[in-house]
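Could you put together the complete structure from these sequences and hints?
Each chain, written out:
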Amino acid sequence: MMSQTESADAHHGEHHEEGFVKKYLWSTDHKMIAKQYLFTGCAMALIGGWMAYVFRMQLAFPGEAVPGYGLVSSAEYNSLVTNHGSIMIFWVAMPVLIAAFGNFLIPLMIGCDDMVFPRINRLSYQVFLLSAIMLLFSLFVQGGGFGGAWTSYPPLSSEAQFSLQPLAPSLWLGAVALEFVAFLLGGINFIVTLMNSRAPGMKMYDIPMVIWMIVLASIIFMASVGPLIAGAIMLLFDQLVGTSFFDPNGGGDPILWQHLFWFFGHPEVYVVLLPALGIVAEIIPVFARKKLFAYKTILYTAMATGIISFFVWAHHQFIAGIDPRMANVFTVTTLIISVPIAEMLFVFIATLWGGSIRLTTPMLWALAFIAEFLLGGVTGIYLGASGADIYFHDTYFVLAHFHYTFFPIAIIGTFAGVTYWFPKMFGRMMNATLGKIHFWGTIIAFNFIFIPLFMLGAAGQHRRIYSYELFPELAEMQDIRVFATKALLVMLAFQAVFLFNFFRSLFWGEKAPVNPWRSSTLEWTVPSPPPHGNFAVMPTVYRGPYEYSHPDREEDFWPQDEAPKKLTD
Amino acid sequence: MIERYIEAVSSYAGDIDGLINLVHVIVMTWFFAVQAIFFWLIFKFKAKDGVKAQYITGEEKYQKKWITIPHYMVLVFDLVILVAAIRVWVHVKQTLPEADAVVEVTGQQWAWSFNHPGADGEIGTDDDIETVDELHVEVDKTYHFILRAHDVLHSFSVPVFRLKQDTIPGREITGWFKAESTGTYDIQCAEMCGVGHGVMYGRVVIETAEEHAAWIASNQ
Chain F
1 MMSQTESADA
11 HHGEHHEEGF
21 VKKYLWSTDH
31 KMIAKQYLFT
41 GCAMALIGGW
51 MAYVFRMQLA
61 FPGEAVPGYG
71 LVSSAEYNSL
81 VTNHGSIMIF
91 WVAMPVLIAA
101 FGNFLIPLMI
111 GCDDMVFPRI
121 NRLSYQVFLL
131 SAIMLLFSLF
141 VQGGGFGGAW
151 TSYPPLSSEA
161 QFSLQPLAPS
171 LWLGAVALEF
181 VAFLLGGINF
191 IVTLMNSRAP
201 GMKMYDIPMV
211 IWMIVLASII
221 FMASVGPLIA
231 GAIMLLFDQL
241 VGTSFFDPNG
251 GGDPILWQHL
261 FWFFGHPEVY
271 VVLLPALGIV
281 AEIIPVFARK
291 KLFAYKTILY
301 TAMATGIISF
311 FVWAHHQFIA
321 GIDPRMANVF
331 TVTTLIISVP
341 IAEMLFVFIA
351 TLWGGSIRLT
361 TPMLWALAFI
371 AEFLLGGVTG
381 IYLGASGADI
391 YFHDTYFVLA
401 HFHYTFFPIA
411 IIGTFAGVTY
421 WFPKMFGRMM
431 NATLGKIHFW
441 GTIIAFNFIF
451 IPLFMLGAAG
461 QHRRIYSYEL
471 FPELAEMQDI
481 RVFATKALLV
491 MLAFQAVFLF
501 NFFRSLFWGE
511 KAPVNPWRSS
521 TLEWTVPSPP
531 PHGNFAVMPT
541 VYRGPYEYSH
551 PDREEDFWPQ
561 DEAPKKLTD
Chain G
570 MIERYIEAVS
580 SYAGDIDGLI
590 NLVHVIVMTW
600 FFAVQAIFFW
610 LIFKFKAKDG
620 VKAQYITGEE
630 KYQKKWITIP
640 HYMVLVFDLV
650 ILVAAIRVWV
660 HVKQTLPEAD
670 AVVEVTGQQW
680 AWSFNHPGAD
690 GEIGTDDDIE
700 TVDELHVEVD
710 KTYHFILRAH
720 DVLHSFSVPV
730 FRLKQDTIPG
740 REITGWFKAE
750 STGTYDIQCA
760 EMCGVGHGVM
770 YGRVVIETAE
780 EHAAWIASNQ
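For the record, the sequence lines run as chains F and G.
Heads up: the first sequence at position 266 corresponds to 266 in my numbering, and the numbers run straight through without jumps.
Throughout, my numbering is defined as the position within the second sequence, counted from one, plus 569.
Think of the hints as simulated: they come from the structure by calculation, not from any bench.
Glycine included, each C-beta is placed from N, C-alpha and C at the ideal position.
There may be inaccurate statements among the hints.
As the list claims (entries may be wrong) - Among the chain F residues that face chain G by a calculated CB cut under 7 Å, a handful are: (1) 57; (2) 349; (3) 356; (4) 459; (5) 466.
Shown next as structure tokens:
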């Protein structure tokens with residue numbers, strides 16, 4: 001391993017001196033692009049978190065000035081909830097889980113020097129950055145940021161006379177469309193790279209699960225986004241040139257948008273879920289020192305989930321005015337999708353059996369993902385059952401349900417991945433004690449935010465209301481809202497621990513060895529951080545990614561690229 | 570589960586609550602069972618000095634049964650829930666029992682307006698009673714509601730009835746309810762409808778036959 005490290009430095013030394021711009025802003029190196037996505041995504045997460053702080057304060061103390069923000073008007077409230085949702089899904093979950101981890105991990109884990117299309121990769125980030133800037137710009141135009149909810153249902157989103165917003169809806173839509181362009185560029189790159197650039201010997205079942213998941217997610221994204229892009233262009237035409245695709249007065253149909261939106265919108269849930277499951281699938285074997293249980297089962301259930309996810313979209317529209325008979329079809333498909341997802345969680349839990357579990361920070365996050373996502377998953381059954389959804393639709397029960405799925409995906413999954421791959425990304429170790437303090441503070445507070453919101457939802461509290469004082473039956477539950485807001489403040493405060501730990505470790509952390517976790521996948525055979533070009537000697541793969549505690553070996557892990565004994569002897 | 574938080578006032582509220590209770594019992598049993606096994610495994614297999622982890626591929630049939638049996642069980646419970654869910658759905662949304670009276674409900678930015686039949690009991694006649702934000706209905710009578718929207722999407726939601734239906738401009742949607750006890754309860758708009766979405770509230774007043782007749786008389 002050492003000789004590889006040294007020759008890597010020697011080999012790449014001479015053509016590696018680049019200026020600041022070339023190195024940090026205009027790089028085609030997949031690792032730098034990954035970091036660009038990671039930092040942009042985290043910056044957007046801070047903005048999205050700030051928005052949550054402002055509107056939760058308004059809900060807890062309606063009509064009072066929010067410290068650091070001021071009074072919240074109902075128009076501003078709508079804009080805050082709309083953009084919080086948009087940012088967290090499109091500008092945090094996707095760039096971090098798919099683009100940052102995908103870019104960083106795919107070449108390193110399949111053993112190649114870079115993405116197949118490095119310049120398309122660079123363009124992907126640049127378009128993404130442009131989309132983020134465009135979204136932030138839309139918050140400051142006349143009429144305020146877009147407030148028509150992240151689902152952007154017309155006619156509210158298509159006609160300024162109803163939304164009172166002449167500019168923001170089009171800017172919001174444009175930003176979302178640009179973000180999709182970025183991910184189409186990135187997605188094609190991921191798929192082509194995995195199919196063409198695997199190290200010699202890496203067969204389909206030797207590909208690490210996180211790579212499979214990111215690539216499957218890219219395929220699902222690319223297959224589902226088409227109708228929405230068509231819909232977005234129609235909506236833009238309705239907004240700007242007065243067509244009436246979605247305007248009943250001109251013969252259009254508002255429900256058409258809902259079909260186009262959710263045909264993308266539901267697969268999108270699995271687009272971000274699969275990479276998070278992939279991260280968990282990498283971490284659990286390492287810290288349980290166990291082979292991943294039933295690799296093929298996970299892979300095929302992920303594929304099944306991806307396919308079924310195209311047939312569940314109208315469960316968002318049970319009571320939207322679609323033919324009520326249609327609900328019967330979609331309630332069946334929706335409950336069926338619980339089967340592969342449940343199976344995947346069972347597989348992760350089964351992997352723990354017979355393990356030697358070490359509760360490091362990344363392992364805590366990975367286990368927390370399972371524990372928390374389970375509640376998000378099972379509460380989906382209440383909503384997928386059409387008869388029950390009549391009551392739960394558009395209540396805080398829905399809100400709490402999807403935060404119990406999206407928070408594990410976007411936040412817990414990200415923390416698991418960042419704490420696990422931080423040594424490889426930045427060449428230094430994070431502080432374990434601070435990591436655990438941050439973990440417990442975040443997880444406990446998270447449950448105290450959203451379990452109360454399940455109760456409010458069960459009581460019939462409807463969503464996107466800036467004050468419940470006008471609703472006598474709901475107004476009396478103010479204590480619960482205050483409690484949830486306080487828990488949010490605690491959770492946000494604990495993020496300071498993470499930021500401190502992250503930046504302190506970035507500059508002053510203990511130097512990371514090549515393979516600090518004793519993992520067997522290829523990214524842990526190169527120096528931390530890996531040099532430009534990654535591998536000094538291109539690796540050959542001899543076995544699957546999870547050969548931990550093999551009975552024939554003294555060592556409890558078996559690197560994928562270690563030549564079998566009989567060949568070297 | 571939800572009766573703890575909110576009254577059930579319509580004829581089908583009990584059906585929906587029953588379905589939710591069924592889902593709740595099944596799902597929470599699974600949830601706690603899986604969590605218990607999960608935490609038990611974490612503690613049972615914590616790293617101990619000198620104890621190596623086992624090598625289990627999970628690809629053999631006798632190993633896989635530990636996940637395939639639970640997975641078939643999930644499927645069976647899904648089917649139970651499906652049958653119950655579709656039965657309730659068909660009763661509430663797909664069938665339209667004979668109406669004793671009809672009310673018209675119109676959503677607009679940002680108020681509900683209601684049109685009630687007058688003394689003749691017929692809608693669309695001269696003695697109709699129009700109100701804003703307040704719906705008056707008689708207890709134990711089956712009503713059809715005709716939903717319309719003037720401008721954008723709204724959603725007619727009466728939590729105590731367990732009733733919710735989006736309204737769509739350019740369409741008329743007919744549904745039904747039958748209130749089974751008297752009282753005054755919230756009406757919400759449950760679909761984002763713009764700046765005033767949060768002030769789009771209403772009240773439903775459920776009256777006895779005598780009270781309702783008196784209310785009609787006072788509005789003629």
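Now for the hints, and whether the structure bears them out:
Below 7 Å, beta-carbon pairs count as interface contacts, and residue 57/F has none with chain G, the closest being about 16 Å; its hint is therefore violated. The interface hint given for residue 349/F is met, as the beta carbon of that residue sits about 5 Å from the closest beta carbon of chain G, less than 7 Å. Restraint check, residue 356/F versus chain G: the minimum CB separation of about 4 Å is within 7 Å; hint holds. Taking 7 Å as the C-beta cut-off, the interface hint given for residue 459/F holds, the closest approach to chain G being about 4 Å.
At its closest, the beta carbon of residue 466/F sits 5 Å from a beta carbon of chain G; the interface hint therefore holds under the 7 Å criterion.
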